[in-house]
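Student: As a plain string of letters, each chain reads:
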Amino acid sequence: MFLFIVRRLLLAIPALFGLVLLTFILIHAVPGDPAAVLAGDQATPQQIQALREHYGFDRPILEQFFRYVSQLASGSLGISYMTQRQISTEIIERMPATFELTLFAMTLATMIGIPLGVISAYFHNRWLDHLLRIVSIGGLAVASFWLAIMLQFTFSMELDLLPVHGRLSQGLNPPPFVTGMIVLDSLIAGRFDLFRDAFAHLILPGFALAVAPLATIMRFTRAAVLSTLRREYVFYERAVGYPRLVLMGKYVLRNSLVTPVTQIGLLLGAILGSAVVIEAIFDWPGLGSYAVLSIATADYQATLAVVLVVGCVYALINILVDLVHAAVDPRILEQL
Amino acid sequence: MHILRLFARDRAALLGLIIILFAVLLTIIGPFIVPYPDDAFEANIMARLEPPSWEHWFGTDDFGRDILTRVILGTGNALGVAVGVASAAMFVGVPLGLLAGYHGGRFGEAVMRVTDVFLAVPSLILAIALAQLLRAGIGGAILALSLTYWPHFCRNVYSETRSAKTATFVEALESMGASSSRIVFMHILPNIASPIIVRVTVGLGYIIMTAAVLGFLGIGVPPPTPDWGAAIANSRQHLPEAWWLVSFPGLAIFLAVLGFNLLGDGLRDIIDPRLRRAR
Amino acid sequence: MSSPDPLLRIAQFALAFRTEAGLSTVLDGVDLEVARGEILGLVGESGCGKSTLVRAILGLMPQGARVLGGRIEFGGQNLLDLDEAILSRDIRAGRIGFIPQDPFQSFNPLFRVGSQMLEIMRWHAPPEIGRSRSAHRARLLELMERVRIPAPDAALKRFPHEFSGGQLQRLMITAAIACKPDLVLADEPTSALDVTTQQQILALLEELAREMNTAVILVTHDLGLVAQYCDRVSVMYAGQTVESFPHERMLEGVRHPYTRMLLDCHPDRAGALKGILGIVPGIARMPPGCRFGPRCPALLPICGTRRPEPEMLEAGHSVQCWAVSGSVVSKVPADV
Numbered sequence: 104m105f106l107f108i109v110r111r112l113l114l115a116i117p118a119l120f121g122l123v124l125l126t127f128i129l130i131h132a133v134p135g136d137p138a139a140v141l142a143g144d145q146a147t148p149q150q151i152q153a154l155r156e157h158y159g160f161d162r163p164i165l166e167q168f169f170r171y172v173s174q175l176a177s178g179s180l181g182i183s184y185m186t187q188r189q190i191s192t193e194i195i196e197r198m199p200a201t202f203e204l205t206l207f208a209m210t211l212a213t214m215i216g217i218p219l220g221v222i223s224a225y226f227h228n229r230w231l232d233h234l235l236r237i238v239s240i241g242g243l244a245v246a247s248f249w250l251a252i253m254l255q256f257t258f259s260m261e262l263d264l265l266p267v268h269g270r271l272s273q274g275l276n277p278p279p280f281v282t283g284m285i286v287l288d289s290l291i292a293g294r295f296d297l298f299r300d301a302f303a304h305l306i307l308p309g310f311a312l313a314v315a316p317l318a319t320i321m322r323f324t325r326a327a328v329l330s331t332l333r334r335e336y337v338f339y340e341r342a343v344g345y346p347r348l349v350l351m352g353k354y355v356l357r358n359s360l361v362t363p364v365t366q367i368g369l370l371l372g373a374i375l376g377s378a379v380v381i382e383a384i385f386d387w388p389g390l391g392s393y394a395v396l397s398i399a400t401a402d403y404q405a406t407l408a409v410v411l412v413v414g415c416v417y418a419l420i421n422i423l424v425d426l427v428h429a430a431v432d433p434r435i436l437e438q439l
Numbered sequence: 594m595h596i597l598r599l600f601a602r603d604r605a606a607l608l609g610l611i612i613i614l615f616a617v618l619l620t621i622i623g624p625f626i627v628p629y630p631d632d633a634f635e636a637n638i639m640a641r642l643e644p645p646s647w648e649h650w651f652g653t654d655d656f657g658r659d660i661l662t663r664v665i666l667g668t669g670n671a672l673g674v675a676v677g678v679a680s681a682a683m684f685v686g687v688p689l690g691l692l693a694g695y696h697g698g699r700f701g702e703a704v705m706r707v708t709d710v711f712l713a714v715p716s717l718i719l720a721i722a723l724a725q726l727l728r729a730g731i732g733g734a735i736l737a738l739s740l741t742y743w744p745h746f747c748r749n750v751y752s753e754t755r756s757a758k759t760a761t762f763v764e765a766l767e768s769m770g771a772s773s774s775r776i777v778f779m780h781i782l783p784n785i786a787s788p789i790i791v792r793v794t795v796g797l798g799y800i801i802m803t804a805a806v807l808g809f810l811g812i813g814v815p816p817p818t819p820d821w822g823a824a825i826a827n828s829r830q831h832l833p834e835a836w837w838l839v840s841f842p843g844l845a846i847f848l849a850v851l852g853f854n855l856l857g858d859g860l861r862d863i864i865d866p867r868l869r870r871a872r
Numbered sequence: 017m018s019s020p021d022p023l024l025r026i027a028q029f030a031l032a033f034r035t036e037a038g039l040s041t042v043l044d045g046v047d048l049e050v051a052r053g054e055i056l057g058l059v060g061e062s063g064c065g066k067s068t069l070v071r072a073i074l075g076l077m078p079q080g081a082r083v084l085g086g087r088i089e090f091g092g093q094n095l096l097d098l099d100e101a102i103l104s105r106d107i108r109a110g111r112i113g114f115i116p117q118d119p120f121q122s123f124n125p126l127f128r129v130g131s132q133m134l135e136i137m138r139w140h141a142p143p144e145i146g147r148s149r150s151a152h153r154a155r156l157l158e159l160m161e162r163v164r165i166p167a168p169d170a171a172l173k174r175f176p177h178e179f180s181g182g183q184l185q186r187l188m189i190t191a192a193i194a195c196k197p198d199l200v201l202a203d204e205p206t207s208a209l210d211v212t213t214q215q216q217i218l219a220l221l222e223e224l225a226r227e228m229n230t231a232v233i234l235v236t237h238d239l240g241l242v243a244q245y246c247d248r249v250s251v252m253y254a255g256q257t258v259e260s261f262p263h264e265r266m267l268e269g270v271r272h273p274y275t276r277m278l279l280d281c282h283p284d285r286a287g288a289l290k291g292i293l294g295i296v297p298g299i300a301r302m303p304p305g306c307r308f309g310p311r312c313p314a315l316l317p318i319c320g321t322r323r324p325e326p327e328m329l330e331a332g333h334s335v336q337c338w339a340v341s342g343s344v345v346s347k348v349p350a351d352v
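Protein chains in written order, with the numbering used here: chain A, 104 to 439; chain B, 594 to 872; chain C, 17 to 352.
Be careful, since some hints might not be right.
[As the list claims (entries may be wrong)] Pairs of lysine to any residue, SDA-like flavour, derived with a Cα cap of 20 Å:
| hint | chain 1 | residue 1 | chain 2 | residue 2 |
| --- | --- | --- | --- | --- |
| 1 | C | K173 | A | L175 |
| 2 | C | K173 | A | V267 |
| 3 | B | K758 | B | E702 |
[Said to hold, decoys possible] In silico contact screen, one side only, chain A against chain C (beta carbon under 7 Å); selected entries:
| hint | residue |
| --- | --- |
| 4 | E261 |
| 5 | Y339 |
| 6 | G344 |
| 7 | R357 |
| 8 | N358 |
| 9 | L369 |
| 10 | A373 |
| 11 | A430 |
Rather than coming from a laboratory, the hints here were simulated on the basis of the structure.
Idealized CB from N, CA, C, for every residue including glycine.
With the sequences and hints as input, model every part of the structure.
Tutor: Pasting the structure below:
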C-alpha cells in the first residue's frame with residue numbers, strides 16, 4: 104500500500120510540472136509586453152518595471168523559467184495589482200469558504216444521488232426508473248449558473264425564504280476559527296444561532312452546485328448496480344441463501360460503489376469549476392469569486408495563480424480517490 | 594436501414610434528434626424569420642423591459658430588444674461556436690490520438706503527458722483562464738474552448754485506437770506490409786468512428802454549456818452579438834421584476850444541451866450493443 | 017419409483033422461458049429421483065437444460081420463466097409451492113448445497129473468502145454446530161483441513177483472486193457442505209479445471225459425500241467422470257429426461273437410442289470416433305413429441321405426436337422411449 108502511495112505521488116509530479124510550464128507559456132503567449140500585461144491596465148510604469156525585474160522578463164527564457172519555478176516553490180504567487188497584497192495570502196484566506204461550499208455540494212450530491220441510483224436500478228424499467236432517468240438527464244442539461252439565479256429569484260426574492268447572498272447575515276460575526284468552515288465552526292463553538300444562519304446561506308448555492316454531480320452520480324450508480332446484479336457472484340450468493348436484505352444492502356451495494364467512487368474525483372473537479380460561477384452569483388467569498396474578480400479586473404497574475412492552486416488541489420483529490428479505490432478493491436494493488 | 598429502426602424505437606433519442614434538428618433549422622432560417630431582425634444590433638429604448646405580449650412573445654430586454662429574436666439568433670451563435678470548437682479540437686485531437694495510440698512508445702507517452710497537463714485543471718477553470726488571456730472576441734473564445742477540449746478527444750481516440758489495435762485484422766494488415774498511416778487512417782479510423790461520434794455528440798452539449806458560462810462571465814463572444822449566457826448575465830440587475838429576461842435564454846441553453854445529451858445517449862445505446870455483437 | 021422414499025423426486029416438471037418468439041418450453045416433463053446418500057450423474061449435451069433444472073430446484077429460475085407444471089418434491093415438500101423468502105431461509109445452503117461451475121466468477125472479489133463462507137454459516141448452520149462465530153470458524157477450518165487447503169487459518173483472510181482454480185473449488189465444496197445439507201447440487205464443478213485437478217476435486221467430493229451420507233447431483237457432460245463417480249445416471253436431451261439407470265448398467269444394458277449413441281461416442285471405446293448425426297434443435301424450434309425423434313434411428317410414427325411415458329424396466333432403470341417400451345413391440349438394432 105505504501106508503495107502504491109509513493110508511485111501515485113510520483114505520477115502526479117510530471118503533470119503538475121507541466122501545469123507550471125503551461126502557465127509560464129501562457130504568460131508569454133499573450134501579445135504585448137508580459138510585464139505590462141501581468142501588471143494590469145491600471146499599473147504605473149514603476150509597477151511594470153518592478154514586475155519586469157521580479158520575473159526577469161529581460162533575461163534569457165530559461166533563466167526566467169527557473170526564477171518562476173523557484174518563486175512558486177517558495178510560496179510566492181505574485182502580487183495582485185488591484186489590492187497590492189500577496190496573492191497567496193488572499194488565496195489562503197478564501198480557500199475555506201470554497202471548501203465548505205464544495206464539500207457541502209458533494210455531500211448533498213452523494214447522499215441523494217447514490218440512493219436514487221440504487222432505487223432506479225432496483226425498479227429497472229418501471230415507471231419510477233423512467234422518472235428518475237428523466238430527472239437525471241434534465242439535471243445534467245441545466246446550466247448551474249442559470250439554476251442559481253432562478254433559485255435566488257424564487258426563494259430569496261419572491262418567497263423571501265432564504266438569504267440572497269453571502270455566508271452570514273449582516274451584523275453577525277463568524278465563530279472562532281477552527282476549520283474555517285462557518286457551519287462546522289459554529290457547531291464546535293456551540294453557537295446554534297450562527298449555525299442556523301450559516302446553513303441557511305449555504306443551502307441555495309450548495310444546491311445549485313450539487314445538481315449536476317447529483318445527476319451524474321445517479322446515472323453511474325444505476326449503471327453500476329445493474330451491472331453488479333448480472334454478475335455470477337450475485338447469483339451464487341442467492342443460491343447459497345444470503346438473505347435478500349443482506350445481499351442487497353451489504354454485498355451488491357459494496358460491489359456497485361466501486362465505479363462511482365472513482366468518478367468522485369472527476370466530479371469534484373467539475374464542482375470546482377462550477378463553483379467559480381456560483382460563488383460569483385451568491386457573493387460567496389471563496390476562490391471562485393476571486394477568479395471572477397480577477398477576470399473582471401484583468402488581473403492576470405491572480406487568474407494564473409488560481410489555475411495553479413486549483414490544479415494542485417485537483418491533483419491531490421485524484422490521488423486520494425485512487426487511494427480509496429485501492430482500499431475498496433483489493434485487486435488494484437495486485438496489478439502493480 | 595436497421596439502425597434507423599432501432600433508433601426510432603428509442604423515444605428519448607428521437608426527442609434529442611428533433612431538438613437538434615430544430616436548432617439547426619433555426620440557425621439556417623433564423624435570420625429570415627425573426628420578428629425583429631434589427632434587434633440583433635440596435636437598441637430600442639422606448640420598448641425596454643416589456644413583459645411577454647403578442648408583439649413580443651418573450652418580452653424585451655433592457656435595451657428594448659426583442660428577446661425571442663435574440664434567443665433565436667443566439668441559437669446560431671451557440672451552434673456555430675460549438676461546431677467550430679469541436680471541429681478544431683478534433684482536427685488536432687483525432688490524428689494525434691490515432692498516431693499516439695497506434696505507435697505507442699515514447700511518442701504515445703509524450704502525447705499522453707501533454708494531455709495530462711491540460712487535464713490537470715478542471716475544464717471550466719482552464720477555459721475561463723484561457724478565454725481571459727486570449728480575449729480577441731469570438732476567435733478568442735473558440736480558441737480557448739478548443740484548447741480546453743482537444744485533450745478529451747485525443748485521449749478518447751487514443752484508448753479506442755489502443756484497443757482496436759489488438760484486433761487480429763490489424764496484425765494481418767501489418768504482416769502484409771501495409772504502411773502504418775494506411776492502417777491507421779483507412780482501417781482503424783472507420784472502426785472507431787462510431788464511439789467517437791457518440792463522444793462528440795455529448796461533447797457538443799458540454800461545449801455549449803461552457804460557452805454559455807464564458808458568455809455569462811463576459812469573456813465569450815462580445816456584445817452586441819446575441820449570446821444566451823450574456824443575456825442571463827444582463828438579466829440579473831433587473832430581477833425579480835423582469836423574470837422573462839432570465840427564463841427564456843436559460844431555457845434555450847437547457848434545451849440545446851438536453852438535445853445533444855439525449856441524442857448522444859441514444860447513439861451510444863445503438864452503437865454499443867451492435868459493436869459488441871459485431872466483434 | 018426406484019426407491020420407496022427418495023430424498024428428491026422431480027415429477028413431470030415443465031418450465032418455459034419467455035423469448036422474442038413467444039413462450040418456449042425449455043424443460044418438458046422432466047422426471048428425476050435421488051435417494052439419500054446417492055450420487056447421481058446428470059448428463060447431456062450443452063444446452064439440454066441440466067443447469068436450468070438444477071437451478072430450478074433451488075428456485076433460481078431466470079426472470080420471465082414460468083412453471084408450466086409438475087412437482088419438485090424434497091423431503092416430502094413440493095419446493096415449487098415455497099416462496100423465495102422460505103426457500104432462501106430454509107432450503108438453500110442448509111438443506112440443499114450448491115457448487116457452481118466457475119469459482120472465480122462465483123466468489124465475490126471484494127470480500128475475503130472466510131467472511132463469505134462465514135456469512136453462509138451465519139444464516140444456515142445447523143444447531144449442532146453452534147451459533148457463535150468461533151464455532152463456525154472451527155467447523156470451516158476443520159473442513160478446510162479435510163479438503164487439504166494449506167494454512168487454512170491464513171487462507172480465510174485471503175481474497176478469491178489469491179487462490180488457484182483448484183483451491184477455490186475446494187473452498188466451494190467446503191462452503192457447500194459446511195451446513196450439513198442433505199443434498200448437494202454440483203453444476204459442472206470441474207469444467208473450468210484441468211484434467212488432473214478435475215480428478216482430485218471429484219474424488220474429494222465423493223469421499224465427503226459418502227462420509228456425511230449426503231446425496232449429490234453431479235451435472236456434467238463428461239461421461240467418463242460419470243462412470244467413475246456416480247451411483248446412478250440420468251440422461252437428458254433437449255429439456256427432456258430420456259433414461260435413468262444404475263451405474264452397473266452403463267457398459268451394457270442402456271436402452272434409449274440417445275444414451276447408446278452417447279456412450280458409443282466416448283473416445284474410450286475402441287474403434288473409430290463416432291458422432292451423432294444432426295444438431296440439437298434451437299429453443300424456439302423444438303419438435304413435438306419426443307424431441308430426439310428427428311435424429312433417432314429407431315423413429316416410429318408415434319414418436320412425433322406424443323411424448324413417451326416413463327417406463328420402469330427394472331429397479332432403478334427407467335426409460336422414456338416408444339421404441340423400447342413394452343407397449344410397442346419393436347427391436348432397437350444392436351449396432352446403430
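Student: Measure nothing beyond the straight line between the CA atoms of K173/C and L175/A; if it is 20 Å or shorter, mark the hint as holding.
Tutor: With Cα atoms ~47 Å apart, K173/C and L175/A exceed 20 Å; violated.
Student: Given E261/A was flagged as interface, is its beta-carbon under 7 Å from a beta-carbon of chain C?
Tutor: This hint is violated: E261/A lies away from chain C, its Cβ roughly 49 Å from the closest one there, beyond 7 Å.
Student: Identify whether the interface hint at R357/A stands, where standing means a beta carbon of chain C within less than 7 Å of its own.
Tutor: Holds, about 6 Å.
Student: Should the hint that A430/A touches chain C count as held when the rule is a Cβ pair under 7 Å?
Tutor: 11 Å, violated
Student: The hint names G344/A as touching chain C; please verify it with the least Cβ-Cβ distance against 7 Å.
Tutor: 3 Å, holds
Student: For the hint on L369/A, just tell me whether its beta-carbon gets within less than 7 Å of chain C.
Tutor: 22 Å, violated
Student: Using the nearest Cβ pair, does A373/A come within less than 7 Å of chain C?
Tutor: Nearest chain C Cβ about 27 Å off; hint violated.
Student: Quickly compare the C-alpha distance for K173/C and V267/A to 20 Å and report which way the hint goes.
Tutor: 55 Å, violated
Student: Given a cut of 7 Å on the nearest C-beta pair, is the interface hint for N358/A held or broken against chain C?
Tutor: 6 Å, holds
Student: Given Y339/A as an interface hint, is its Cβ closer than 7 Å to any Cβ of chain C?
Tutor: 4 Å, holds
Student: Does E702/B lie within 20 Å of K758/B when you go C-alpha to C-alpha?
Tutor: 16 Å, holds
Violated hints, in rising order: 1, 2, 4, 9, 10 and 11; the structure is consistent with all others.
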